[in-house]
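Peer 1: The chain contents come next:
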Amino acid sequence: MKLLTCPMNGTRPLSEFIFGGEYRDAPDQKTCSDSEWAAYVHNRSGAPGDKKEWWYHSPSGTWFIAERNTLSDKVSRTYLLSSNANATQEQAK
Amino acid sequence: MPLRLLKYAIKKEHPASRFFKSHDAPKKSYDVVIIGGGGHGLAAAYYLAKDHGIKNVAVLEKGYIGGGNTGRNTTIVRSNYLTPEGVNFYDASVKIYEDLSEELDLNLFYSTRGHFTLAHTESAMRTMRWRAEVNKHVGVESRVVGPDEIAKACPQLDLTCSGQAPILGALFHAPGSVARHDGVAWGYARGADRLGAEIHQNTEVLAIDVKNGKVCGVKTNKGYIETKQVLCAVAGFTPRITEMVDLETPIVIHPLQACVTEPMKPWLDTILVSGSLHVYVSQSSRGELVMGSSLDPYEVHSTRSTLDFVEGLTSHMLDMFPFLANVKVVRQWAGMADMTPDFAPIMGKTPIEGFYLDAGWGTWGFKATPISGKTMAQTIANDSAPDLIHSFRLSRFEDYELTGEKGAASVGH
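Listed in order, the protein sequences are those of chains Y and G.
Quick note on numbering: my numbering labels position 24 of the first sequence as 24, and the sequence is numbered without any gaps.
Quick note on numbering: my numbering labels position 182 of the second sequence as 182, and the sequence is numbered without any gaps.
In case anyone wonders, no lab produced these hints; they're calculated from the structure.
From the three backbone atoms N, C-alpha and C, an ideal C-beta is built for every residue, glycine too.
Heads up, some of the hints might be wrong.
What the hints assert, rightly or not - Result set (BS3-like, lysine-lysine): computed pairs, CA atoms no more than 27 Å apart in a straight line:
{"no.": "1", "chain 1": "G", "residue 1": "LYS11", "chain 2": "G", "residue 2": "LYS55"}
{"no.": "2", "chain 1": "G", "residue 1": "LYS62", "chain 2": "G", "residue 2": "LYS228"}
{"no.": "3", "chain 1": "Y", "residue 1": "LYS30", "chain 2": "Y", "residue 2": "LYS74"}
{"no.": "4", "chain 1": "Y", "residue 1": "LYS2", "chain 2": "G", "residue 2": "LYS328"}
{"no.": "5", "chain 1": "G", "residue 1": "LYS328", "chain 2": "G", "residue 2": "LYS95"}
{"no.": "6", "chain 1": "G", "residue 1": "LYS222", "chain 2": "G", "residue 2": "LYS27"}
{"no.": "7", "chain 1": "Y", "residue 1": "LYS74", "chain 2": "G", "residue 2": "LYS222"}
{"no.": "8", "chain 1": "G", "residue 1": "LYS222", "chain 2": "G", "residue 2": "LYS21"}
{"no.": "9", "chain 1": "Y", "residue 1": "LYS51", "chain 2": "G", "residue 2": "LYS222"}
To be verified - Far from chain Y by the CB rule (all over 10 Å, computed), these chain G residues:
{"no.": "10", "residue": "SER101"}
{"no.": "11", "residue": "ARG143"}
{"no.": "12", "residue": "TRP267"}
{"no.": "13", "residue": "LEU268"}
{"no.": "14", "residue": "SER276"}
{"no.": "15", "residue": "THR314"}
{"no.": "16", "residue": "PRO386"}
Could you put together the complete structure from these sequences and hints?
Peer 2: As structure tokens, then:
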């Protein structure tokens, strides 16, 4: 069984989690062009590599960030977006 | 054909024939370079030569031909889509498939079985009625049928699905078929090779040379190739290639898994799909049940298989067919599906001159092999995409003109 570490609830089976897609910064709606906005809405960085992603622990309703390599599927760390990235839990291999 | 067979019988020697010539290294330049030796790339090479007389073409394949998603799908061919654009496109593909064994002179075991998409809920019935009406309007044979007609076509099916999900009806699609998928790749490879195209296996593209917004060559592990036109037909590897030319797309890679049982005597005549139970199943000409399910739930660039998948799929199979409890699963595998937000492909020209995309084939690529080869060949030959694939252009996202086909995916993804 694959495991993932929720920053609030500790290590839990992956089946308790929902993938929320890559973490992305939205462009400023007031200044960006239509095509920049369309690119933000639709385009994704699909190539494999280390990614910062949204994950959701469904039973507790916790959204958090996981840093994961999409080629090896190894998670390097997980943390709440609000928390300081330095105070993160190291993900058990 | 019978005459050739007779000649063959009379001959004393029967040397093994190769499907296509092997070449030591690519030439210095080609008119067109096709990245990806799957069904789509090979079909494009075939139609470039056959329909447009463009024969100075190289197909570069980093592994072996048909070893990617062409050889990993569950071989279902159908055209019961949701949008008129989709139905027209896939219907054109089905029509080519029907005579393809003859055209390629290779038995593709193309077998028209009839295709039932089972509905277990009222909302699913609504989608079935919608699809049936769109299909009929475009001239594709699809209709909504009741449980009695399903039972007649497949008496082995438990219509209550173990009491969990009673079947209310189905979308019946008469032209639904299965075919030998690797045969499709080999047939197109042989056809393209005979017409003059070169197929280079074990040849990986490392970079694409773009100057002033125009393609001028590709760098491979077997040297540099000059070319002004490149077709990218690499399914799950698309983001790695588009990254080489700094092209952004909405494509995200999810694994899609499938498995087969041990062979049995033929008993399942039709193709059955259940969206709610996340199962599609048909019986191959070898007697194996070929089964697939929904996408893996998150992005991974990998073809690993999981136990979760087999457990989930087989438990739903047993809801439908309890008597299969003692049948063994003998193989499972995965492919990398290049998913788009609207479940429609991305085909045609790109902002980079000479760089053509045949991608976003997600879970629906095999059925489109002939027509995508034909329309991409047209796009390359004329440097302009035909009307049939206008709705699949990359710029549809910027135009907010998506081609919503999610409701026509076999199972809820």
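Peer 1: For each hint, tell me whether it holds in the structure or not.
Peer 2: Consistency of the hints with the structure:
1. Proposed proximity of G:LYS11 and G:LYS55 is contradicted: the alpha carbons are some 33 Å apart, above 27 Å.
2. With a CA separation close to 21 Å, the supplied pair G:LYS62 and G:LYS228 stays within the 27 Å bound.
3. Proposed proximity of Y:LYS30 and Y:LYS74 is contradicted: the alpha carbons are some 38 Å apart, above 27 Å.
4. Under the criterion of a C-alpha separation no larger than 27 Å, the hint pairing Y:LYS2 with G:LYS328 is consistent with the structure, at around 25 Å.
5. This hinted pair does not check out: G:LYS328 and G:LYS95 have alpha carbons roughly 36 Å apart, beyond 27 Å.
6. With a CA separation close to 10 Å, the supplied pair G:LYS222 and G:LYS27 stays within the 27 Å bound.
7. Straight-line distance between C-alpha atoms of Y:LYS74 and G:LYS222 comes to about 32 Å, which puts the hinted pair past the 27 Å bound.
8. Between the alpha carbons of G:LYS222 and G:LYS21 the distance comes to roughly 17 Å, so the proposed pair stays at or under 27 Å and holds.
9. A threshold of 27 Å between alpha carbons decides the hint, and for Y:LYS51 with G:LYS222 the separation of about 32 Å lies outside it, so the pair is violated.
10. With a closest Cβ-Cβ approach of about 36 Å to chain Y, G:SER101 is found to remain outside the 10 Å limit, as its non-interface label requires.
11. For G:ARG143, the requirement that its beta carbon stay farther than 10 Å from each beta carbon of chain Y is met, with the minimum near 35 Å.
12. Non-interface call for G:TRP267 relative to chain Y: holds, since the shortest CB-CB distance, roughly 34 Å, exceeds 10 Å.
13. A cut-off of 10 Å between C-beta atoms confirms that G:LEU268 is not in contact with chain Y; the least separation is 30 Å.
14. Every Cβ of chain Y is farther than 10 Å from the Cβ of G:SER276; the closest lies at roughly 19 Å, confirming the non-interface assignment.
15. Residue placement check: G:THR314 keeps its beta carbon more than 10 Å from all beta carbons of chain Y (closest about 17 Å).
16. Taking the minimum C-beta to C-beta distance to chain Y, about 24 Å, the non-interface status of G:PRO386 holds against the 10 Å cut.
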